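K.L.:
Chains A and B, in that order, are what the protein sequence lines are.
Mapping to the working numbering: the first sequence position 242 is 242, numbers consecutive.
Mapping to the working numbering: the second sequence position 65 is 1065, numbers consecutive.
What the hints contain is simulated information worked out from the structure, not anything from laboratory work.
Be a bit skeptical, because a hint or two may be false.
[Stated by the list, open to error] Computed Cβ-Cβ distance ranges for the label pairs, DEER-style: (1) I1097/B - F13/A: 49 to 59 Å; (2) L1166/B - E189/A: 48 to 58 Å; (3) P81/A - T1031/B: 24 to 34 Å; (4) P1085/B - R6/A: 40 to 50 Å.
Computed from a prediction, not measured in an experiment: that's the story for all the values here.
Positions of the beta carbon are idealized from the N, C-alpha and C atoms, including for glycine.
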Amino acid sequence: MNGPTRRLAVAVFGGFGLLLLAATWFQVIGADRYRSDPRNARTAINLTTKERGLIVSADGEILAQSVRVPENASAYARTYPAGEAFTPVVGYTSRLVGDAGIEAAYGSDLRSRRDVTISDAISAIFGRDLRPRTVQLTIDADLQRAAFAAMEGQKGAIVAINPGTGAVLAYVSSPSYDATQFLGSTAVEARQQLLDRPDEPLRDRAGQELYAPGSLFKPIVVAAAFDAGTAGPETEYPDPVELALPGTSATIRNFSRVACGNGKTVSVATAFIKSCNTTFAQMAIDVGAEEIGRSASGLGFGRSIDFPWQLATASFPARQLADDPAALAQSAIGERDVKASPLVMAMVAAGIANGGEVMEPHIVASVFDADGNQIRSIPPRALARAMSPATAAVLAQLMERVVTEGTGSRASVAGVRVGGKTGTASRPGGAPNVWFIGFAPADDPTIAIAVLVEDGGFAGDTATGGSVAAPIARAVIEAWTTG
Amino acid sequence: MTRFTESLLLGGASILAAFGVTLVNLSRGGTVDAQAGLTFLVFAISFLGLQTAIRRFAPHASTLLLSPVALVTAIGFVEIYRINPDRAGLQRWWLLIAASVATLALWALNHAGVGRLRRYRNVTLVAAVGLLMLPLLPTSWPLPISGAEVNGSRLWIIVNLGFTDLNFQPAEVGKLLLVVFLAGYLADRQMALTGAQRHLGRVAIPEPRQLVPLLVAWVASLGVLVFQRDLGASLMLFALFVAMLYAATGAVGYLTVGGVLAALGSVGSWIAFDHVQRRVAAWIQPFSDFEGAGYQIIQGSFALGTGSLAGAGPGLGRPDLIPAAVTDFIFAAVGEEFGFAGSTAVLAAYALAVATGFGIALQARDRFRKLLAAGLSLVLGIQVFLIIGGVMRVVPLTGVALPFMSYGGSSLVGNMLLMAGLLRISHEEAT
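With the rest of the complex left out, here is chain A:
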């Protein structure tokens, strides 16, 4: 009677074989179909289940935080309590649309080490700290908010740097967006909606976009000329309204279409304060592309800067311009082949304010463990010497006069000595991109700033750096010096 029993056993194992086949279907072959089914709530919930560390501002305000989800003891939701002003810096971590910003760059510090299985349990037994770490930024939360508010409704960017350390105090790109919409199950749709918006809120205008710097390039030409000795602040230059460029039929005109001084000659100082194009075109041709390129490189042009995310590299193609004085003259007034991001232009202001030494910009101050012990901090690091201290001092004085008596008067702040330079980069077929760079207080600068407003902002075609960008810079400097 063993025969029937044996056949029954075979039947039971046949059944088990079916179970194994079914498990193979559900967990291997067809697994993806069930995992990615839109009705599978795990897809949405998984976005939020892991604890991550805090991201805090320099003054300790929480910018990103994991909070427990009430309905599930082991789940966390990521929140960005400081809002959209901080999104270009803090970024997001999304299963569906990827990671960005500090959330991406410091992911290995911010993540909880509890989510890898066996090795983590072993580490726990040996007492290793598995809790997520805290990342502290150099961003000043109030300044960032004030800067974002000053830019509200306009497209553009603001970058503020501590000139002495390179610490980034504000990093604003406008318009921005609330990153929490990338955490839910509708992240892909939310991202598509943002991509479809004509004002392009997903672009990081502060560090990842390049613009023609316009007149903001003039301080670099001045620095090169002073360092090379081809000119000083009182050197007199011819003062035409229009300059014919060598070897072409093209000309360069002053922005205001009038002569800068008396129409015969003008000093470098006056030309700088009034931002005269013809003087600087000639000055650039006199000093040469190589010297200008050296100064530009010291201030950050052509350098890839070590930053939590990939920055756009500002360009000044010195080698190509060496044999093309006409192109060099146009580049000297910040057009044609010169391109820079607001971050690099803030470095230019910071370098001048810091006596010619440019500090490498950094946006993360320290990383702490969950008990508040500092694990590492980012020390200030000098990037390059861009100009002699004497040149920097003279340039700083000229920039102060730009604010007190020149194009940058609307950046002046009562009781604070502000230095600055305006820029207006006209664009064919559109309103100009307008700029302001500056620093304050001029006797001992604690902030260097670059403001860019795309398409002339609210002012449109009539916008200039002095009328649109300078008042925004004033608001930021005021917030910094009074806050």
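Please arrange chain B on chain A, whose structure you already have, making use of the hints.
P.N.:
Just chain B now, kept in the frame of chain A:
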């Protein structure tokens, strides 16, 4: 395999349970805590204690049975703890109780021998039927034992001990007594039931009078379905009876007639009962009623698919989204957090236990013991197949506990008793 190797494996399973508990704690932001130590202790005391009882009362018993059982118990426990820590605390008590009951059974069987059960087969029948009927007691009356309906099935009794209520599913033990009765009855009546068969063409049909027991079983199974609304127990009882009848007689005719009767019963109950119709609809097309009847099965499928090859890791999946994840759907929860690797390990462990059980049946020299071992192995195998198959849509979903893994004391006690029976038979055959 020696007893020593077995004790290493049992210790390993205890460590596995404690390790799983630790991983679940870590995933929740906790640390290594007393839960892990307590779990290790309870598992070690239960399984190594049971092994000590085996050394004492059944020293020649098979060494291949207890370790796979310890493995699936540990994996199931980690999932129960992950989904509902309170219930895991209760389950630990139930594990201790079940191991104690199995120890008592080993002691009693050592005292009397398995053969003694054969003599009392009619007593066990009465006891089995009594246990199966107990839940039909009124739900509220003065006596301390009353029936209860859970999730639409009348399977539970509530024993009022004065200080606390004890919920129990008497059928979990009742079905073991039924196996004992069937083994005794079939061993005694084997000749009468094997006799001349008629042939309808090439299909063998038993004599009409030989069909009487089959019809009785059929009616009893339908009774369970009608009065207790328990599709799983009904299918299980009938399949067990037909299979044991076949094992005892070797007459294929019983399988044929049994199959026809099962088909009739299925179609009849499908026509007659809404709840059977819903089950079948959810089996064939769960997605057509996503929010309703199909919801549980689909959540199980999502869990299994999300678990994929390696699983989410203990504590890191969302098995709490599956209705009844600690009981009927514990396999889906394991599949989500332990992955295909975990489900395969579980299936392999059950296969090893069932194979060892059938091996014991094949080696048994005595007809009664042979049938008893085969019956017990069948009970284990059919339960596993019905519920895991139900979760993965191999068969319609029936509410059967997954032996040793599902949360629930009665199932754990019943299946530990089943193990004790198999262990004792293997001991007796080796001496």
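K.L.:
Confirm or reject each hint.
P.N.:
Status of each hint after checking the structure:
1. At roughly 32 Å, the beta carbons of I1097/B and F13/A sit outside the given window of 49 to 59 Å.
2. For L1166/B and E189/A, the hinted distance range of 48 to 58 Å is satisfied, since their beta carbons lie about 53 Å from each other.
3. Under the hint 24 to 34 Å, the C-beta atoms of P81/A and T1031/B, about 28 Å apart, fit the expected range.
4. At roughly 44 Å, the beta-carbon separation of P1085/B and R6/A lies within the given 40 to 50 Å, and the hint holds.
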